[in-house]
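Work out the full structure: start from the sequences and follow the hints.
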Amino acid sequence: MLKGKAFKFGDDISTDLIVPGRLVHLRSNLPELAKHVLEDADPTFAARVKPGDFVVGGNNFGLGSSREHAPIVIKMAGVSAVLAKSFARIFFRNAINRGLPVLICDTDQIKEGDELEVDMEAGIVHDVTNDVNLTFKPIPKAMLAILDEGGLIPYIQKYGDFKIE
Amino acid sequence: MGKTLAEKILSQKLGRDVSAGEIVVSPVDLAFVQDTTGPLTVREYQASGFGAIADKRRSVLFLDHAAPSPNAQLSTDHLLLRSFARDTGCVISDVGAGVCHQIVAESMARPGDIVVGADSHTVTAGAMGAFATGMGSSDVAVAFALGKTWFRVPETIKIEVKNKFQQFVTAKDLILHVIGMIGADGATYKALEFGGKTVESMSMSGRLTIANMAVEAGAKIGVFPSDQTTEKMLREMGRAEQYRSISPDKDAVYERVIEIDASELEPTVSRPHTVDNTVLAKDLKGVRIHQVFLGTCTNGRLEDFALAASILRNKKISPDTRLVVAPASKRVLLQAMDAGYMRIFIEAGGMILPPGCGACLGVHQGVLGDGEACLSTANRNFKGRMGNPNSFVYLGSPATAAATALTGMVTDPREVL
Numbered sequence: 000m001l002k003g004k005a006f007k008f009g010d011d012i013s014t015d016l017i018v019p020g021r022l023v024h025l026r027s028n029l030p031e032l033a034k035h036v037l038e039d040a041d042p043t044f045a046a047r048v049k050p051g052d053f054v055v056g057g058n059n060f061g062l063g064s065s066r067e068h069a070p071i072v073i074k075m076a077g078v079s080a081v082l083a084k085s086f087a088r089i090f091f092r093n094a095i096n097r098g099l100p101v102l103i104c105d106t107d108q109i110k111e112g113d114e115l116e117v118d119m120e121a122g123i124v125h126d127v128t129n130d131v132n133l134t135f136k137p138i139p140k141a142m143l144a145i146l147d148e149g150g151l152i153p154y155i156q157k158y159g160d161f162k163i164e
Numbered sequence: 000m001g002k003t004l005a006e007k008i009l010s011q012k013l014g015r016d017v018s019a020g021e022i023v024v025s026p027v028d029l030a031f032v033q034d035t036t037g038p039l040t041v042r043e044y045q046a047s048g049f050g051a052i053a054d055k056r057r058s059v060l061f062l063d064h065a066a067p068s069p070n071a072q073l074s075t076d077h078l079l080l081r082s083f084a085r086d087t088g089c090v091i092s093d094v095g096a097g098v099c100h101q102i103v104a105e106s107m108a109r110p111g112d113i114v115v116g117a118d119s120h121t122v123t124a125g126a127m128g129a130f131a132t133g134m135g136s137s138d139v140a141v142a143f144a145l146g147k148t149w150f151r152v153p154e155t156i157k158i159e160v161k162n163k164f165q166q167f168v169t170a171k172d173l174i175l176h177v178i179g180m181i182g183a184d185g186a187t188y189k190a191l192e193f194g195g196k197t198v199e200s201m202s203m204s205g206r207l208t209i210a211n212m213a214v215e216a217g218a219k220i221g222v223f224p225s226d227q228t229t230e231k232m233l234r235e236m237g238r239a240e241q242y243r244s245i246s247p248d249k250d251a252v253y254e255r256v257i258e259i260d261a262s263e264l265e266p267t268v269s270r271p272h273t274v275d276n277t278v279l280a281k282d283l284k285g286v287r288i289h290q291v292f293l294g295t296c297t298n299g300r301l302e303d304f305a306l307a308a309s310i311l312r313n314k315k316i317s318p319d320t321r322l323v324v325a326p327a328s329k330r331v332l333l334q335a336m337d338a339g340y341m342r343i344f345i346e347a348g349g350m351i352l353p354p355g356c357g358a359c360l361g362v363h364q365g366v367l368g369d370g371e372a373c374l375s376t377a378n379r380n381f382k383g384r385m386g387n388p389n390s391f392v393y394l395g396s397p398a399t400a401a402a403t404a405l406t407g408m409v410t411d412p413r414e415v416l
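Going down the list, the protein sequences come from chains A and B.
Here numbering that gives the first Met the number 0 is used: the first residue of the first sequence is 0, the next is one more, and so on.
Here numbering that gives the first Met the number 0 is used: the first residue of the second sequence is 0, the next is one more, and so on.
Keep in mind that the hints were calculated from the coordinates and are not lab data.
Incorrect hints may appear among the rest.
No farther apart than 30 angstroms at their CA atoms in a straight line, the calculated lysine-lysine pairs in the DSS-like style are these [what the hints assert, rightly or not]:
id : chain 1 : residue 1 : chain 2 : residue 2
1  : B       : Lys157    : A       : Lys136
2  : A       : Lys140    : B       : Lys147
3  : B       : Lys315    : B       : Lys284
FRET-style restraints, in silico, Cβ to Cβ [to be verified]:
id : chain 1 : residue 1 : chain 2 : residue 2 : range
4  : A       : Pro137    : B       : Gly146    : 27 to 37 angstroms
5  : B       : Asp248    : A       : Gly77     : 42 to 52 angstroms
6  : A       : Ala121    : B       : Ser82     : 24 to 34 angstroms
7  : B       : Pro67     : A       : Asp118    : 44 to 54 angstroms
8  : B       : Gly1      : A       : Lys140    : 48 to 58 angstroms
9  : B       : Asp54     : A       : Glu148    : 38 to 48 angstroms
10 : B       : Ala46     : A       : Lys162    : 50 to 60 angstroms
11 : A       : Lys110    : B       : Arg312    : 55 to 65 angstroms
Chain A regions said to be covered by chain B (calculated; three or more residues, Cβ under 8 angstroms) [to be verified]:
id : region
12 : 12-19
13 : 98-109
14 : 126-134
15 : 155-162
Just so it is clear, CB atoms sit at the ideal spot from N, CA and C, and this is done for glycine as well.
Below is the structure:
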């Protein structure tokens, strides 16, 4: 069970808002880059987020560049999962490849600061503050296999190939 | 059942019939990274003990996003990529050569190829009939190692375009119009396939502009059939033997078909801070622009420069505006010099950057100041995109960019004739 507090963001949170191009020189210094996670969407986020907390977005979370650094720094901040109504394709794939759960559910029902519990097996987000249960869309089987190994590189190291057809 | 282009390319590659919704593991014909995503790929590759590159002649590292490098950290990233290329034998395209997507189009992608790149605008090569898509650094590390990747075969939205563009209305206006219509997530996980009479007579340069921006509607690929225009381009590049005809079946099944009358389109602009926030250029009268950026993998080709030069010839840009020009490749730069376009830009008051991404992504070469606005021919206008979250980016065609440079305000190119 994943437990933490919800940090709400709006629609169209681009990878430029998560890790902007002006900080591209920090991409080989991930701990330093992680201090700026989501800075241009909420400058106070990095200081407030605690291990286990959730990033909760609206539509089309993670649109834009293919920079894998976006899910990397969100995970480094201790975020246990990103919840959104929908995700951009590359961000979704990158997050799974880094072992960061990305869950599609009706995030309109979640408010800033709500306490959440996520049951990955049951596919349920329990908003403790509101006492509402939300179901999230199952992660496709092929991707779940990668997530379960902690990401793409560990998955390939284990199996030596894709075992997902 | 007939096949869409996406289904056809993947079926031919796999040697069996596949259709939308299936998960497939596919060989990769070309895999690449660039200098902002590549260092992570290299570190993942080295740390995971993957061994030799599967096909080093078709695995490429491009130094283009910070080219030449503006600081010590990025210079050191460049060193890492150069030494990886030396150690593994994979191909390197060093600073000054140009933007990865332009070089892939000029020298590498072939109709029917599967192309993966650690850059979202990898979709550009779809203009040549390739199945080309952007991925992250880890996915490309695995493609380097195994020579394959996995896909979900996408459903397809067909964009069917008829009739002729009005003067000064371009492929860029068409794709901005499409993105404005279907939204920044209107094609998420799907293929955008382009067809119709307008597309058949469209230049390769225009096709590359459209395919390039497919990802701005969320698409996995933006793809065109190959035809005599593709063949001509390959012949010009000394790659005639790489041509192969690939087109969708007449009875292909599309999720949706969108018909567009090109003659009804007008110069279109995306307003800050999303690409789908489109409006006609003529409806932005009076919006002050401090910098015009002409270039990038979207609109930094010879045809784009010819169009802008036709508007700027023997004229001076507004004293309140900077004009920054970045050719998409060394080949484009040389051709534009020979054609006299660079002289026109410089005499009009503009400046020329080396071939590469230039000011597009906020790393260097034209970062905006607080409160400044840029009219850019690039593909993205997200908040902070050009290096400053307190600045504003408008997107438009090379014609709109040139007209805007003359007035210092967003300008419909038909108004400066």
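Verification of the hints:
Between the alpha carbons of B/Lys157 and A/Lys136 the distance comes to roughly 27 angstroms, so the proposed pair stays at or under 30 angstroms and holds. Note on A/Lys140 and B/Lys147: the hinted pairing holds, with a Cα-Cα distance of about 19 angstroms set against a maximum of 30 angstroms. Using a Cα cut-off of 30 angstroms, the hinted pair B/Lys315 and B/Lys284 holds, with the two alpha carbons roughly 20 angstroms apart. Checking the proposed 27 to 37 angstroms range against A/Pro137 and B/Gly146 shows it holds: the Cβ atoms sit about 30 angstroms from each other.
About 50 angstroms separates the C-beta atoms of B/Asp248 and A/Gly77, a value consistent with the hinted range of 42 to 52 angstroms. The beta-carbon spacing between A/Ala121 and B/Ser82, approximately 48 angstroms, falls outside the hinted interval of 24 to 34 angstroms. Between B/Pro67 and A/Asp118 the beta carbon distance is about 51 angstroms. The supplied range of 44 to 54 angstroms therefore holds. In this structure the hint that B/Gly1 and A/Lys140 lie 48 to 58 angstroms apart at CB is violated, the actual value being about 28 angstroms.
Between B/Asp54 and A/Glu148 the beta carbon distance is about 25 angstroms. The supplied range of 38 to 48 angstroms is therefore violated. About 22 angstroms separates the C-beta atoms of B/Ala46 and A/Lys162, a value inconsistent with the hinted range of 50 to 60 angstroms. Taken as a hint, the range 55 to 65 angstroms holds for the pair A/Lys110 and B/Arg312, whose Cβ atoms sit roughly 58 angstroms apart. Note: the region 12-19 of chain A has 4 residues with beta-carbon separation from chain B under 8 angstroms; the three-residue rule is met and the coverage holds.
Using a Cβ-Cβ cut-off of 8 angstroms, 0 residues of the region 98-109 of chain A lie near chain B, which falls short of the minimum of three, so the contact claim is violated. Judged by the Cβ-Cβ criterion of 8 angstroms, the region 126-134 of chain A is not covered by chain B as claimed, because only 0 of its residues qualify and three are needed. Look at the region 155-162 of chain A against chain B: 4 of its residues bring a Cβ nearer than 8 angstroms to a Cβ of that chain, three or more, so the hint holds.
Violation of the numbered hints given earlier is confined to hints 6, 8, 9, 10, 13, 14; the remaining hints are satisfied by the structure.
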